Amino acid sequence: MVTVLAALLAMVVVAGLGLWAAGAADLPDNAFPRVVAATVVAAVGGTIELSGNAGALADTKAGLTVIPLSVTLVGALVLGAGFLRPLRHRAVAGAGELAGWAARIAVLWLLALIGLALAARQTFQLSLGDETLGDLGDLFGVSPKVGFTTDVPPTLFFGLLWLVGVLVLAVLVSRGAPLPPRLLRFQASVRPAAYAMVLLLLAYVALGIVIALVVAATRGHAAETVAVILLGMPNLVWLTLTIGLGATWNGRVEGPFGLPMPQVLDEVLRSSDTATLNLGALAEHDGRVWWLVVVNAVLLSAAAFVMAARSPARMRAWQHAVHMAVALALTVLMICLVGRISANYGLSVLGIGDLGGDLGGDLFLKPELWSAIGLALLWGLVTGFLGGLLARPVRRRGAAVNARKP
1 MVTVLAALLA
11 MVVVAGLGLW
21 AAGAADLPDN
31 AFPRVVAATV
41 VAAVGGTIEL
51 SGNAGALADT
61 KAGLTVIPLS
71 VTLVGALVLG
81 AGFLRPLRHR
91 AVAGAGELAG
101 WAARIAVLWL
111 LALIGLALAA
121 RQTFQLSLGD
131 ETLGDLGDLF
141 GVSPKVGFTT
151 DVPPTLFFGL
161 LWLVGVLVLA
171 VLVSRGAPLP
181 PRLLRFQASV
191 RPAAYAMVLL
201 LLAYVALGIV
211 IALVVAATRG
221 HAAETVAVIL
231 LGMPNLVWLT
241 LTIGLGATWN
251 GRVEGPFGLP
261 MPQVLDEVLR
271 SSDTATLNLG
281 ALAEHDGRVW
291 WLVVVNAVLL
301 SAAAFVMAAR
311 SPARMRAWQH
321 AVHMAVALAL
331 TVLMICLVGR
341 ISANYGLSVL
351 GIGDLGGDLG
361 GDLFLKPELW
371 SAIGLALLWG
381 LVTGFLGGLL
391 ARPVRRRGAA
401 VNARKP
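Residue numbers (our numbering): 1 to 406.
Because the hints were derived from the structure by calculation, they are not lab data. The structure presented is a predicted model; accordingly, all values stated were derived computationally and were not measured. No incorrect hints appear here.
Computed cross-link-like contacts, SDA-like style, restricted to lysine to any residue with a CA-CA straight-line distance of at most 25 angstroms:
(1) K366 <-> D151
(2) K366 <-> A329
(3) K366 <-> W290
(4) K366 <-> F158
(5) K366 <-> L377
(6) K366 <-> S342
(7) K366 <-> L73
(8) K366 <-> V338
(9) K366 <-> E284
(10) K366 <-> M334
(11) K366 <-> P154
(12) K366 <-> I209
(13) K366 <-> A283
(14) K366 <-> R270
(15) K366 <-> G280
(16) K366 <-> N278
(17) K366 <-> W291
(18) K366 <-> L333
(19) K366 <-> D286
(20) K366 <-> V66
(21) K366 <-> L202
(22) K366 <-> A275
(23) K366 <-> E267
(24) K366 <-> G246
(25) K366 <-> I48
(26) K366 <-> R252
(27) K366 <-> N250
(28) K366 <-> V198
(29) K366 <-> L201
(30) K366 <-> E254
(31) K366 <-> L378
(32) K366 <-> L207
(33) K366 <-> A203
(34) K366 <-> V205
(35) K366 <-> H285
(36) K366 <-> I341
(37) K366 <-> G165
(38) K366 <-> L161
(39) K366 <-> G45
(40) K366 <-> V293
Start from the sequences and build out the full structure, keeping to the hints where you can.
Have a look at this one:
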């Protein structure tokens, strides 16, 4: 129970502070707590449905798909640590025992999700803006409203799936967590690679936070920077990780929408109906994006070194290359699945849409999945082989020490 409460409290605090920094505390009708609940629901894969109503002669449309990965990451770290705490100092644990621990957490987690899902619902009255649009609204009886609710069954399903993923990953990453006897033979190949990938993702987040704080200190916009850090920093830095590998994302930004990303990315996404987001397209606006390749090479090589150093000494360099390639491909697949963004809304009167102002907008961002995975496999093979070679002296010293023991 403490584990679930701690994870939820951490997620609520991070989401609340991030939304407060973004200005959501000024929402009408005391909607702030409900928006925080909706943010936490979205962070674990829950389904938030937007709805609109503008009167008999008008029509509204709205949709939103985005995961605030900062909130997701904090919840996963706290939940994973709480799950592993009572299992530490154990060499082996039966599958039934691990399943029992997980089941107790899952029951409390589902109850908490139900409470959040019921709380995450609100309706807002929208302003038509200037006097002309306001007069049209009065003439046609247009009173636009937009709201959100939580679709409970999908939220419980995806929330439970997220929980299972977090617990499984926690067991895989932790060197001291016990495994069922039948799975012990896999720990030498799976655990070091899983640990290296988690370390890689956290390193990108830490680097992104440092850069964001430096930019905020030198250029201002402190509140906006805090909002990005607390709500969407992994969305941004893990996207740049895939772009640094050579992956391509397609997207568009039109209307008042914006993305929490550097100006060069926003400019590219606004340049055409469907813009291509990759190293080449970004380099046309700012040549410094090629440094992403250098950063990727350094951090991936470091992750591969850590993976090899934590692996048994008997493993060869080509085995490290294969392990790194598979782990990185799965990591990039995860980023491509959770990093997708889509949002749209609009208002039309008597069939006439796009009335101007901030009454319509469209945004989407999606990856070219298979090419991204292929590039991840290639990078993983190269850096995994290099990491295996670099870690040979470290592992040989350990093997020599063990060999001298009686």
